[in-house]
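There are 2 protein chains.
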Amino acid sequence: MALTSYGDPAGCKRYIFYRKRSFMNIKTNSNFHNIKETYLFSEIASRVRRYSAENPEKVLIRLGIGDVTLPLAPVVVSAMSDAAQEMGRGDTFRGYPPEAGYEFLRQAIADHYRDNNAEIKLSEIFVSDGAKSDLGNFVDILGANDVLIPDPVYPVYVDSNLMNGNIITLIKGSRENGFLPMPDAIGEKKAYVIYICSPNNPTGAAYNGEQLAAWVNYALETGSLIIYDSAYEAFITDELPHTIYGIEGADKCAVEICSFSKFAGFTGVRCGWTVVPEGLVSDDGTSLNKMWFRRQSTKFNGVSYPVQRAAEAALSKAGMHQCLANIDYYRRNAAMIADVLDRKGIFYTGGKNSPYIWLLCPDNMGSWEFFDKLLNEAQIVGTPGEGFGKAGEGYFRLTAFGTAENTAEACRRLESLL
Amino acid sequence: MALTSYGDPAGCKRYIFYRKRSFMNIKTNSNFHNIKETYLFSEIASRVRRYSAENPEKVLIRLGIGDVTLPLAPVVVSAMSDAAQEMGRGDTFRGYPPEAGYEFLRQAIADHYRDNNAEIKLSEIFVSDGAKSDLGNFVDILGANDVLIPDPVYPVYVDSNLMNGNIITLIKGSRENGFLPMPDAIGEKKAYVIYICSPNNPTGAAYNGEQLAAWVNYALETGSLIIYDSAYEAFITDELPHTIYGIEGADKCAVEICSFSKFAGFTGVRCGWTVVPEGLVSDDGTSLNKMWFRRQSTKFNGVSYPVQRAAEAALSKAGMHQCLANIDYYRRNAAMIADVLDRKGIFYTGGKNSPYIWLLCPDNMGSWEFFDKLLNEAQIVGTPGEGFGKAGEGYFRLTAFGTAENTAEACRRLESLL
Chain A
1 MALTSYGDPA GCKRYIFYRK RSFMNIKTNS NFHNIKETYL FSEIASRVRR
51 YSAENPEKVL IRLGIGDVTL PLAPVVVSAM SDAAQEMGRG DTFRGYPPEA
101 GYEFLRQAIA DHYRDNNAEI KLSEIFVSDG AKSDLGNFVD ILGANDVLIP
151 DPVYPVYVDS NLMNGNIITL IKGSRENGFL PMPDAIGEKK AYVIYICSPN
201 NPTGAAYNGE QLAAWVNYAL ETGSLIIYDS AYEAFITDEL PHTIYGIEGA
251 DKCAVEICSF SKFAGFTGVR CGWTVVPEGL VSDDGTSLNK MWFRRQSTKF
301 NGVSYPVQRA AEAALSKAGM HQCLANIDYY RRNAAMIADV LDRKGIFYTG
351 GKNSPYIWLL CPDNMGSWEF FDKLLNEAQI VGTPGEGFGK AGEGYFRLTA
401 FGTAENTAEA CRRLESLL
Chain B
1 MALTSYGDPA GCKRYIFYRK RSFMNIKTNS NFHNIKETYL FSEIASRVRR
51 YSAENPEKVL IRLGIGDVTL PLAPVVVSAM SDAAQEMGRG DTFRGYPPEA
101 GYEFLRQAIA DHYRDNNAEI KLSEIFVSDG AKSDLGNFVD ILGANDVLIP
151 DPVYPVYVDS NLMNGNIITL IKGSRENGFL PMPDAIGEKK AYVIYICSPN
201 NPTGAAYNGE QLAAWVNYAL ETGSLIIYDS AYEAFITDEL PHTIYGIEGA
251 DKCAVEICSF SKFAGFTGVR CGWTVVPEGL VSDDGTSLNK MWFRRQSTKF
301 NGVSYPVQRA AEAALSKAGM HQCLANIDYY RRNAAMIADV LDRKGIFYTG
351 GKNSPYIWLL CPDNMGSWEF FDKLLNEAQI VGTPGEGFGK AGEGYFRLTA
401 FGTAENTAEA CRRLESLL
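Protein sequences appear in the order of chains A and B.
Every letter in the first sequence is one number past the one before it in the working numbering, and letter 56, counting from 1, is 56.
Every letter in the second sequence is one number past the one before it in the working numbering, and letter 57, counting from 1, is 57.
Please note that the accuracy of each hint is not assured.
All copies of an identical chain are treated as equivalent in the list; a pair is satisfied when it fits inside any one copy or across any two copies.
[Stated by the list, open to error] Here are the computed lysine-lysine pairs in the DSS-like style, where the Cα-Cα straight-line distance is at most 25 Å: (1) 58 <-> 290; (2) 36 <-> 172; (3) 189 <-> 27; (4) 252 <-> 27; (5) 36 <-> 290; (6) 190 <-> 27; (7) 290 <-> 27; (8) 352 <-> 58; (9) 27 <-> 344; (10) 352 <-> 27; (11) 252 <-> 189; (12) 373 <-> 27; (13) 373 <-> 189.
Hints in this document: simulated from the structure, not taken from any laboratory.
Source: prediction; values computed, not measured.
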């Protein structure tokens, strides 16, 4: 592998004196200039650093992260290490995986949908390295459309569309609509690419069947495409749809992007999937399913075999049991926090059907003002709502991904602070 | 996880009667209409199926695939399964990885470059799930440039640029230039985004230092960007550069995309990396390094932790030793095939510095004509050259990724056939 000297190195060096400029003459994607640099988490980090430096004796409780903390389920670990061993034996080694995912995993995902009363063909399922990749890359197969995105929301929807130069219309979440904006709030009734995240990140609010049906109806009526992000569906406890395909007609207007990250704790393992129904046909008669397959088989080479075996294990009977036990642990944390806010009469969304609690900052405090108060007076680190969009100003996100002990202690501190 | 009934299902159903059309009103990426559907491998598969059905007693030898066949190195397997176990314990579990890769792996890659006499900063290294993803996604940060691509070549360069609507100029490889086209063959001397794959897929031809320096010089002189695909560098045996950063000035004009797929047999594990030097600045003063980081942190969420540990192990002293032993195995296969062609006086490129042998079809046969002859008379499956571009017509690709026994038998058959 060592770089060996080649022919006449001097012969190479003499060329560089032709260098005429310090810039290249190639064009970059100018749409990148329209993306805001997000300083949210670096600003949080620096305020926390400063506080800890000044108060080395204080113990902080971090309820800001959206990342899981419990270890992987035992069946998942075994499946992944067994698959790694398989890759080390000549008779069981596997090379390039199918771009859309191994049939064993797509079958497990299809069976999972069937358990949820939704019929999805294997040819409609595309396994990927995570929901973020698919959410970001899906714009590759779309043209210049008007895009409708709820505010506040997971920043990837906005940024990936800005990178493609698309026109974005924000639809505002608020206390009035319980952070569940509905189609009747849309100004101009026309075809949009509509992003829906339910249960929502960051608000934890989740649409019920009738509300989702209203969105599906709007899409069918206007010829819109819904990109449905169901990454948090495993946290649903109320009688709400776990998939948009539980709504009749969704297979004619909606793509669904889901993930093993929150359900099975795969944030560090990386696996998700996208459903592109064969019934999705664009205005020029193009099949979105065929386009997405072409995109994926051109710009993607499939998911690691051990990771796909791990994902299959998470969907097995034992896997579901072990993964849902972890989900229940986080749910109990969320409930503890929600109880405090209930007793204090503070408005919030989430807390159930979601690992997130989205609360109105007390006494009309700003997001950052409340961040500093929580940090200084209760040593709790959360996330200012305005980091998720303008409509998040004055709101604050706490997460249920801490340990039960820390969450309980945080609740005691909140009890006395609020 | 079960989809529970919600509120009033009838309330949902009534909406769908608003459905007005069978098509959506959203626009898709019309550039996809310019991409040729590739029937190469499906056509190969169907001809092989037909032949096997008619000749069930015949034993086929497959030298068509570009996929590795030897199992992973033992140290790689241990590292991957150990990391899987870590993910199952609370004290060693890891959530979201850094988008650009863990420092331990970027450090191992930087050390690897240092061994090759190239100084690369950690901030210039971006770990990914494979070279194909990066080659396909890199166009995201580029604008509408003239693109220069050698012919024949790995189809991803052409397809991913067509998807973005870029204008492509092909630069022809031929027997005359040994399938190593040089800048002097460029019609209009101007700034291009230039794709270079060396050692080349499919021809196996590899540029020497002076030839690469000529390309670097052209790029520096015109302000072009070189996208250098070094996925096959581990197969280099002659005194040739293993990285374009062995050429002075390359850090001002070249991105390098490399992979663990061929070096460590990671085609089924999925890991690669891209180097974007901080010295790459576009005409409007934009840093390509910053843009790529923004693209990756928006549309990608990092590589699986066990996979990154496996990749780190492949670059360890023991890993290099075990991986290069596999490379040597393939090299001996390539040499066997090359020997036959040498004795028969058949023109070819590759066979050394590459797992590929790219040969001129004897007796002016067409690629598919020779494919049928090899299949029918020697029961050998290869790949017709025209599958890699117009300049591949009349050429044929054999690979060294078979077993030593099958390759030896194939050589005996070629010996008597040619």
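Now for the hints, and whether the structure bears them out:
1. 58 <-> 290: neither (56 Å within a copy, 36 Å between copies)
2. 36 <-> 172: Close inside one copy (19 Å), not across copies (42 Å); limit 25 Å.
3. 189 <-> 27: between (36 Å within a copy, 17 Å between copies)
4. 252 <-> 27: Answer is between; shortest inter-copy Cα gap is 15 Å, intra-copy 38 Å.
5. 36 <-> 290: between (33 Å within a copy, 13 Å between copies)
6. 190 <-> 27: Between copies, since 13 Å is at most 25 Å while 34 Å is not.
7. 290 <-> 27: Cα proximity of residue 290 and residue 27: across copies only (15 Å, versus 30 Å in one copy).
8. 352 <-> 58: Answer is neither; intra-copy 30 Å and inter-copy 64 Å both fail.
9. 27 <-> 344: Neither: 55 Å inside a chain and 49 Å across chains, both beyond 25 Å.
10. 352 <-> 27: Intra 48 Å, inter 37 Å, cutoff 25 Å: neither.
11. 252 <-> 189: within (19 Å within a copy, 50 Å between copies)
12. 373 <-> 27: Answer is neither; intra-copy 46 Å and inter-copy 48 Å both fail.
13. 373 <-> 189: neither (43 Å within a copy, 62 Å between copies)
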